[in-house]
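We have chain A; now place chain B onto it with these hints.
Chains as they are written, first to last, in numbering that gives the first Met the number 0: chain A, 0 to 334; chain B, 0 to 358.
These are calculated hints, taken from the structure and not from any lab test. Just so you know, these numbers come straight off a predicted model, no measurement behind them. All C-beta atoms in this analysis are idealised placements derived from N, C-alpha and C, irrespective of residue type, glycine included. There's no promise every hint is true.
Now the in silico label distances, taken between C-beta atoms and shown as ranges [as the list claims (entries may be wrong)]:
no.: 1; chain 1: B; residue 1: MET117; chain 2: A; residue 2: ASP318; range: 41 to 51 Å
no.: 2; chain 1: B; residue 1: GLU321; chain 2: A; residue 2: GLU125; range: 41 to 51 Å
no.: 3; chain 1: B; residue 1: GLN313; chain 2: A; residue 2: LEU76; range: 51 to 61 Å
no.: 4; chain 1: A; residue 1: ASP318; chain 2: B; residue 2: ALA357; range: 20 to 30 Å
no.: 5; chain 1: A; residue 1: ASP108; chain 2: B; residue 2: ASN121; range: 19 to 29 Å
no.: 6; chain 1: A; residue 1: GLY84; chain 2: B; residue 2: ARG164; range: 47 to 57 Å
no.: 7; chain 1: B; residue 1: ALA316; chain 2: A; residue 2: ALA132; range: 45 to 55 Å
no.: 8; chain 1: A; residue 1: GLY84; chain 2: B; residue 2: SER351; range: 41 to 51 Å
Now for the letters of each chain:
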Amino acid sequence: MTSRTPAEGQTAPPLLAVENLVTAFRVRRSGWRSDALRAVNDVSFALERGRTLGLVGESGCGKSTLGRTILNLTPALSGSVRFEGVDLLSLSGARRRDYHRRIQVVFQDPYSSLDPRFTVHDVIAEPLHIHNAYDPVRVEELIRGVGLSPSVLDLKPAQFSGGQRQRIAIARALALNPDMLILDEAVSALDVSIQAQVLNLLKDLQRRETLSYLFISHNLGVVRHIADDVAVMYLGRIVEIGPTRSIFAHPRHPYTRALLSAVPAPDPRRKTSRDRIVLQGDPPNPLNPPEGCAFRSRCYRARPECAAAPPALMAAPDDVRHRAACLFPHDDDPK
Amino acid sequence: MAGCPAFRRFEGASVSDQPLLSVRGLTIDISTRKGTSTAVEGLSFELGRGEVLGIVGESGSGKSITMLALMGLLSSDSAALTAGQITLDGQALYSDDLSRYRRETRGGAMAMIFQEPMTSLNPVLTIGAQIGSTLRQHQPGLSSADLKARVVKLLALVGVPEPERRSRQYPHEYSGGMRQRAMIAMAIANDPKVLIADEPTTALDVTVQAQIMEVLAAARARTGASMLLVTHDLGLIAENADRVLVMYGGRVVEQGTVTEIFERPRHPYTIGLLRSLPAIDREQASLYAIPGQPPAVSERPSGCVFHPRCEMAQGRAPCSAERPPMHEVVPGHGSACHYAQETRGWADDLASRLVEAAQ
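So that you can see chain A by itself, here it is in the shape it has in the complex (with noise of 0.2 Å):
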């Protein structure tokens, strides 16, 4: 294994290395013709064993296109995906069934995402199957891992609600031994009281196997209960990543800020003291996005600058994880 990053020296790779990775979708127009929409845009990150990203941002913001390009579901235009400093986009065939082993995904929808043919057992065993490693033993243990008895083994995902299939499904995510899980809006279908007893299992399962989750979201309570550091798309673009307790106590970046004041919080005392920032306007057609900033056109801190090019992520003078795609970010309000 060669390393490709030189810059990063004598010190091992994290565990996913996201670089400029673009992917791009064909849109049909009229006729033969057709236009390229970026879905995910020159993102770069970088996600450490055992940690957890959050990545937030608004429906069509590209966080799930992101999730699944790292997946190889949907194929890169451009950059790279490196899992321990090697490349998943340049490899073939059996090598790379073999790192993918390693990145397994839970998807938000347990009513679609299990086979309501099969049951509880064969639903976790078929990665089991696959990798030639089937052992009840282990599915016994996958199911008592997730909190459920291996009584239900029998049954099948039609039996369940919707918390115990979401429960089913880390199960079968987990039967490969991954180092990493990919949770698309895992939590989003539950009710409050369910989603607690899913956020805690997840919580759980990462101290005691070392798991590395890129947790993709729209919900940002969730993800400041759940994530080490966090990621704000908007339009296909990371526009804001660090500390998770950096970010939702100092957000630099205006569309972060709004999104954060945008959250009603559950405390009627709040009510009159905050002042929330409404975004006027919908997100721009992604297909034709303002030049420049992507953001300018709903920002209310744009200047004539930001129609340039898009922002590069610059470091916050304090914190040089703190980085936001801002020419004009809120570094000099009192803190």
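What follows is chain B alone, placed relative to chain A:
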């Protein structure tokens, strides 16, 4: 909006003895292949003039079916109102003639905003035609020119840009947020006394949700309408409601002012629910996970519907045997718990356990 007859002046929440809307002992049975079960059992509440009553509960708690019943939208072969009385402005509604109720009240004195505007708008009619038909239903004398002018005014009021042009567009030409604005325009078209908003922003992104809640507040300020705000989002309730009903298993388990419910909850379910919510505005200890699952409609337990999941029950006989009445813990704040007086202690104990668990 001077001269616009659609809106009467709003004089603030009047302190009237008589509630605007009163619901007493509402019971709804639903029939499935497995037989008949009771989805909502003896639900009672009142809505004051100009008031926003938040109704919160998880899926299956009966909150949406209650709203459908209020609107006369229960389909008669699968769900039926078996008991209860609904009074709007002192007048009993819904007693015998359902079709008259639908014709005269729905879209007039009571109007509803649904969760998913794409499925509740008609895809083959223009937005303008749909708002127009609501107006015409209750004001048959309107001339075509007046109708058009009113539609454009309504769209402008809810912040649809270029309302003249956009009134001629179809729902698919609107974004999700714009469709929800059109839906609000339709709901307030006949100057309703009660607006029912059932998960009005659940399908929308959070920045658009903030816009829509502002539009709703402006529309209410203009018409003086009271609102039933049904949502699973406790944050939305905290910010917009004056009073709250907490529903679980087809019953109201707690009710009170928004401050009482969020700061001094007195039912173990409400306490657990608030402790299971990841906070966005502060660092948090561990999340409390209420054990078990909410019961299916056909398998609701005896006694207190929450007792199998309740840590305070501890096998005590009344919890599984008797349905708890609503105890008034302080004036205006009720808790349907046999041991409501013990809840403060349990809540404090839970809070310290969660802090310990995080360390």
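Okay, the hints, checked on the actual structure:
In this structure, B:MET117 and A:ASP318 meet the distance hint of 41 to 51 Å, their C-beta atoms being roughly 43 Å apart. Roughly 48 Å separates the CB atoms of B:GLU321 and A:GLU125, a value that falls within the hinted 41 to 51 Å. The beta-carbon spacing between B:GLN313 and A:LEU76, approximately 60 Å, falls within the hinted interval of 51 to 61 Å. In this structure, A:ASP318 and B:ALA357 meet the distance hint of 20 to 30 Å, their C-beta atoms being roughly 24 Å apart.
Taking 19 to 29 Å as the suggested C-beta distance range, the pair A:ASP108 and B:ASN121 conforms, at roughly 27 Å. Between A:GLY84 and B:ARG164 the Cβ separation comes to about 56 Å, which falls inside the hinted range of 47 to 57 Å. Checking the proposed 45 to 55 Å range against B:ALA316 and A:ALA132 shows it holds: the Cβ atoms sit about 51 Å from each other. At about 46 Å, the CB distance of A:GLY84 to B:SER351 agrees with the hint of 41 to 51 Å.
Of the hints listed earlier, there is not a single one the structure fails to meet.
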